[in-house]
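Using the sequences and the accompanying hints, generate a full structural model.
Residue numbers (this note's numbering), protein chains in the order written: chain A, 1 to 282; chain B, 1001 to 1282.
It is worth saying that the hints were derived from the structure and are not from the lab.
No residue lacks a Cβ here, since even glycine has one placed at the ideal position from N, Cα and C.
Be a bit skeptical, because a hint or two may be false.
Restraint ranges, calculated between C-beta atoms of paired labels, are given here [what the hints assert, rightly or not]:
# : chain 1 : residue 1 : chain 2 : residue 2 : range
1 : A       : 194       : B       : 1009      : 47 to 57 angstroms
2 : A       : 190       : B       : 1068      : 56 to 66 angstroms
3 : A       : 219       : B       : 1075      : 50 to 60 angstroms
4 : A       : 60        : B       : 1253      : 26 to 36 angstroms
5 : A       : 102       : B       : 1120      : 21 to 31 angstroms
Just a few of them, taken from the derived set where beta-carbon distance is under 8 angstroms, the chain B residues facing chain A [as the list claims (entries may be wrong)]:
#  : residue
6  : 1006
7  : 1012
8  : 1102
9  : 1112
10 : 1115
11 : 1116
12 : 1134
13 : 1135
14 : 1161
Only pairs whose alpha carbons sit at most 20 angstroms apart, straight line, appear in this in silico EDC-like list of lysine to aspartate or glutamate [what the hints assert, rightly or not]:
#  : chain 1 : residue 1 : chain 2 : residue 2
15 : B       : 1023      : A       : 255
16 : A       : 212       : A       : 255
17 : A       : 23        : B       : 1239
There are 2 protein chains.
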Amino acid sequence: MIKIISDISEIRRLCDENRLDGKRIGLVPTMGAFHAGHLSLIRRALEKTDFVVVSIYVNPIQFGNNEDLDSYPRNLTADALLAEKHGAHVVFAPNDEIMYPDGYSSYVTVEGLPDVLCGRSRPGHFRGVTTVVSKLFNIIRPHVAVFGQKDAQQLSVIRKMVHDLNMDIDIDAGKIIREPDGLAMSSRNQYLTGEQREQAPVLYKSLLAAKKLIEGGVIGVPEITGEIKSVLDNAFLTEIEYIEIVDVEKMSPIENVSQGALIAIAVWIGETRLIDNIIIDV
Amino acid sequence: MIKIISDISEIRRLCDENRLDGKRIGLVPTMGAFHAGHLSLIRRALEKTDFVVVSIYVNPIQFGNNEDLDSYPRNLTADALLAEKHGAHVVFAPNDEIMYPDGYSSYVTVEGLPDVLCGRSRPGHFRGVTTVVSKLFNIIRPHVAVFGQKDAQQLSVIRKMVHDLNMDIDIDAGKIIREPDGLAMSSRNQYLTGEQREQAPVLYKSLLAAKKLIEGGVIGVPEITGEIKSVLDNAFLTEIEYIEIVDVEKMSPIENVSQGALIAIAVWIGETRLIDNIIIDV
Chain A
1 MIKIISDISE IRRLCDENRL DGKRIGLVPT MGAFHAGHLS LIRRALEKTD
51 FVVVSIYVNP IQFGNNEDLD SYPRNLTADA LLAEKHGAHV VFAPNDEIMY
101 PDGYSSYVTV EGLPDVLCGR SRPGHFRGVT TVVSKLFNII RPHVAVFGQK
151 DAQQLSVIRK MVHDLNMDID IDAGKIIREP DGLAMSSRNQ YLTGEQREQA
201 PVLYKSLLAA KKLIEGGVIG VPEITGEIKS VLDNAFLTEI EYIEIVDVEK
251 MSPIENVSQG ALIAIAVWIG ETRLIDNIII DV
Chain B
1001 MIKIISDISE IRRLCDENRL DGKRIGLVPT MGAFHAGHLS LIRRALEKTD
1051 FVVVSIYVNP IQFGNNEDLD SYPRNLTADA LLAEKHGAHV VFAPNDEIMY
1101 PDGYSSYVTV EGLPDVLCGR SRPGHFRGVT TVVSKLFNII RPHVAVFGQK
1151 DAQQLSVIRK MVHDLNMDID IDAGKIIREP DGLAMSSRNQ YLTGEQREQA
1201 PVLYKSLLAA KKLIEGGVIG VPEITGEIKS VLDNAFLTEI EYIEIVDVEK
1251 MSPIENVSQG ALIAIAVWIG ETRLIDNIII DV
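As structure tokens, this is what we get:
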């Protein structure tokens, strides 16, 4: 059975040993509740490194007060078995006392990028993400860290942090893994009722409709977001939080769609908030 | 002549090579304008590590708008020669474009600790310090970093950051080096006129008076700060910014002085702000 380590000194020692042996260290930071998307990130890390650490930690400081921290799915044993099956070498699963002991007060922030898209409705969310990721980077000291493209804004914020703070880590993005009907895999999909689940593929359908418009030569952002809105509005259970088209690096709004534009949406289906995105490659 | 490197990739490569050779890396972060205090830190780093990097960088983001960024003394060549003479192996001296390129937006903050003592009159100062130190740590990846005890609050804030963010770096403190008349060495002492310089030893005299009281059995903070104030007030050119007695780790006010209390003062002599401190060891 794969080793599950919660102690910081112990995981650090193990990573140091492997690094000294000349192995390249990979890190896949996760909050657990694995689906095929997570497992693809583990396999991706294995292609690029020799010793893959999967961290499993539901990071409280990236959840808002009214968010789903308490109900977020946790299943460490099942996750560890899946990680092992897909080739991970060790699981790092600390607890809150280890990560944020009494009196904890240090934070890493990226200004600007987090103020759009998800950051607008989730103040403090990205500060929580960059802080925990910094801690994991300092503990594991990976050569490569793999994140999912589904959290596109998170990926941009982490890339910016790594660049600005001179972290010597290669940030790699794993593409979005989808259910057969197009729904992006997410640990939060399990919150959906049967009826809601049937509606959920509309997120990707709306993005595909936008893509089709763009391939047909449309580049104006209002026209494209209008198309996305009209597709989403057809699904009667959904409530749109945002539809945004931005530069994927700067996360700043653009007027006309071109190569590297990120189309990102957040939609509520009942009490469940789902996100999806595509990057335009024209 | 000692090598002066400004390029991040180049210094990183050199440190990586030495680390792979099994050498322990030491870092002495400075803003240059070396005096005997800096040189003692270099020698201290040499005792503990095999390859000592001295960084020289006047970090703009730790200066307030009305502070002495422009007039801060700079003399890279002389500093590099001194560093070499005292055993340093390389000087890292980046410029602002390298450290804070256009669009820079990531910061490391420690909450709480920076809000007392110097932090009160220098908002943003410690955010600038923790950010630049994080960057230097990520570039150099030292085993040991040496800071001066003279900047006592800076030292506490950095120790807290290293602890909270799980940086695997030993933070070492070099004791305050003083002129024969007791004045703590500081790059800012050169701002003083002859008359001001004659008054300046009053800072240390006031701390020694406090120490004598404590050694005589006085533990009440008001009585001790009162004694310091009366000594400082005897020097007619001085204006007191703060006299504070705090727990050295938490930087929180205490009621009675005991082992590990930090007595810290900041005093203006004309346009020059000087700080000094002692830690009580009873």
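Do the hints match the structure? See the list:
1. Evaluation of the 47 to 57 angstroms hint for residue 194 of chain A and residue 1009 of chain B yields a pass: the beta carbon distance comes to about 55 angstroms.
2. Against the hinted window of 56 to 66 angstroms, the Cβ-Cβ separation of residue 190 of chain A and residue 1068 of chain B comes to about 58 angstroms, which satisfies the hint.
3. At about 55 angstroms, the CB distance of residue 219 of chain A to residue 1075 of chain B agrees with the hint of 50 to 60 angstroms.
4. A beta carbon spacing of about 30 angstroms between residue 60 of chain A and residue 1253 of chain B agrees with the range 26 to 36 angstroms that was offered as a hint.
5. Between residue 102 of chain A and residue 1120 of chain B the CB atoms are about 25 angstroms apart, so this pair conforms to the stated range of 21 to 31 angstroms.
6. A cut of 8 angstroms between beta carbons decides the hint on residue 1006 of chain B: the least distance to chain A is about 14 angstroms, and the hint is violated.
7. Evaluation of the residue 1012 of chain B hint against chain A yields a held restraint, the C-beta minimum of about 7 angstroms falling below 8 angstroms.
8. The criterion of a C-beta within 8 angstroms of any C-beta in chain A is not met by residue 1102 of chain B, whose closest approach is roughly 11 angstroms, and the hint is violated.
9. The interface hint given for residue 1112 of chain B holds, since its Cβ lies 5 angstroms from the closest Cβ of chain A, which is under the 8 angstroms cut-off.
10. With its C-beta approaching chain A no nearer than about 11 angstroms, residue 1115 of chain B sits outside the 8 angstroms limit, and its interface hint is violated.
11. Look at residue 1116 of chain B: its Cβ only gets to about 13 angstroms from chain A, farther than 8 angstroms, so that hint breaks.
12. Hint status for residue 1134 of chain B relative to chain A: holds, with the closest Cβ pair at about 6 angstroms, below 8 angstroms.
13. Restraint check, residue 1135 of chain B versus chain A: the minimum CB separation of about 5 angstroms is within 8 angstroms; hint holds.
14. The restraint placing residue 1161 of chain B at the interface with chain A holds, with a minimum CB-CB distance near 5 angstroms, inside the 8 angstroms limit.
15. Taking the CA atoms of residue 1023 of chain B and residue 255 of chain A, the gap is near 53 angstroms; set against the 20 angstroms cutoff, the hint is violated.
16. Restraint check: the Cα-Cα separation between residue 212 of chain A and residue 255 of chain A comes to about 18 angstroms, which is no more than 20 angstroms; the hinted pair holds.
17. A distance of roughly 59 angstroms separates the Cα atoms of residue 23 of chain A and residue 1239 of chain B; the hinted pair therefore is violated under the 20 angstroms criterion.
Hint violations for this structure: numbers 6, 8, 10, 11, 15, 17, all remaining hints satisfied.
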